[in-house]
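There are 2 protein chains.
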Amino acid sequence: MTKTAEVILFPRHAKNPAQFRTWLASISSTFKKYLEGKGLNLTHQREEVLKCLLSAGNHMSLDDVYAAAKKKDPTIGRATVFRTLKLLEECGLAAEVGSADGRTRFEIKADRPHHDHMICIECGRIAEFESPMMERFQNKAIRQHKFIALWHRHEIFGRCELCAK
Amino acid sequence: MTKTAEVILFPRHAKNPAQFRTWLASISSTFKKYLEGKGLNLTHQREEVLKCLLSAGNHMSLDDVYAAAKKKDPTIGRATVFRTLKLLEECGLAAEVGSADGRTRFEIKADRPHHDHMICIECGRIAEFESPMMERFQNKAIRQHKFIALWHRHEIFGRCELCAK
DNA sequence: ATTTCAATGAAACTGAGTTTCATTATCAGG
DNA sequence: CCTGATAATGAAACTCAGTTTCATTGAAAT
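Residue numbers (the numbering used here), protein chains in the order written: chain A, 1 to 165; chain B, 166 to 330.
Among these hints, one or two may not hold up.
To be verified - Below 20 Å or equal to it, Euclidean Cα-Cα: the simulated EDC-like pairs (lysine to aspartate or glutamate) are:
id : chain 1 : residue 1 : chain 2 : residue 2
1  : A       : 86        : B       : 266
2  : B       : 305       : A       : 63
3  : B       : 305       : A       : 47
4  : A       : 140       : B       : 293
5  : B       : 311       : A       : 155
As the list claims (entries may be wrong) - On the chain A side, residues computed to face chain B include the following (Cβ under 10 Å):
id : residue
6  : 87
7  : 98
8  : 101
9  : 109
10 : 113
11 : 114
12 : 123
13 : 129
14 : 144
15 : 145
None of these hints come from the bench; they were simulated from the model.
As the structure is a computational prediction, the values presented were derived from the model and not from experiment.
From the three backbone atoms N, C-alpha and C, an ideal C-beta is built for every residue, glycine too.
When you get a sec, could you build the whole thing from the sequences and use the hints?
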């Protein structure tokens, strides 16, 4: 039986500055290509939003990203942040994650293994976990139902180790 | 390796009228006890809401239940339906389920095995599936994280067999 | 009958998410 | 460089499922 991998995935790339720059460059480039395909441009506002989301060590709500981006560029608007997050989601670079407070959070999906979430209802912390075996049986159920799965949401709500005391 | 059970769970009790009456009686009684514990009563409006949700062959939104209840009793209000659904949820008799259209749906949870959902983004149909093995590996991940799981949401979005053509 | 408090329906409110709109930036062709 | 076309933006307004308020009704307990 395969051991279920236990990984804290998120700040992986953010730890090493050089690695972070490479990661940012790679994702920026992908984003730029996607935008160009739609006749759009990678503006400095859009790049700022992407940078904020990438450098965060945790999952961010729209207003988290807005606040972070505003620090770097006080003229940036909430609508732009919103629209950029939607664009990132659209092209598969970012994904929405549920939360304990009802506000959707965002995470970078590109260049990261698939994972699901455990959400603490006390502190709001979102932990990521991978379970290839779980995926396997999920896929089996999908096949049995002849269902064409496009995306899924697997979120476990409860108390994290620290908040459980 | 256990075969993943494939069950269409929902209208199970609703098929047989006698069985349905027994089921309704049992759940009504549980609900009544819960309400009495809080100094509340099982009013005819509350019972009507419960009956509507029980007899439905599919998952219902607040307004679905409201419409169904209004047919039986035109004076019933949306607020009452809302509050009753919350009460049913509170005591574990009902649960919220996501949907393709953004409106939360409700299902009866009492006396039914645990299951997750596949939601068709074309027709809105919500299929239920069970996978004990999947649960098993999910629980393993939860244990490994020393997480206290209170509830979870596992919803797969895509196209059902019919809508996939 | 009177008091008390749960229960109700209609209507108003909430707030995350989204869209509108007038203005500003950007770019391609001249 | 200009110039026209169109992408992009920020502020503010809007949406709408979900929720709460409030004045009224109902029901149980004296």
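Now the hints, each set against the structure:
no.	hint	in the structure
1	A:86 <-> B:266	holds (18 Å)
2	B:305 <-> A:63	violated (34 Å)
3	B:305 <-> A:47	violated (39 Å)
4	A:140 <-> B:293	holds (14 Å)
5	B:311 <-> A:155	holds (16 Å)
6	87	violated (20 Å)
7	98	holds (7 Å)
8	101	violated (15 Å)
9	109	violated (16 Å)
10	113	violated (14 Å)
11	114	violated (13 Å)
12	123	violated (12 Å)
13	129	holds (5 Å)
14	144	holds (5 Å)
15	145	holds (6 Å)
Against the hints set out earlier in the document, violations occur for numbers 2, 3, 6, 8, 9, 10, 11 and 12.
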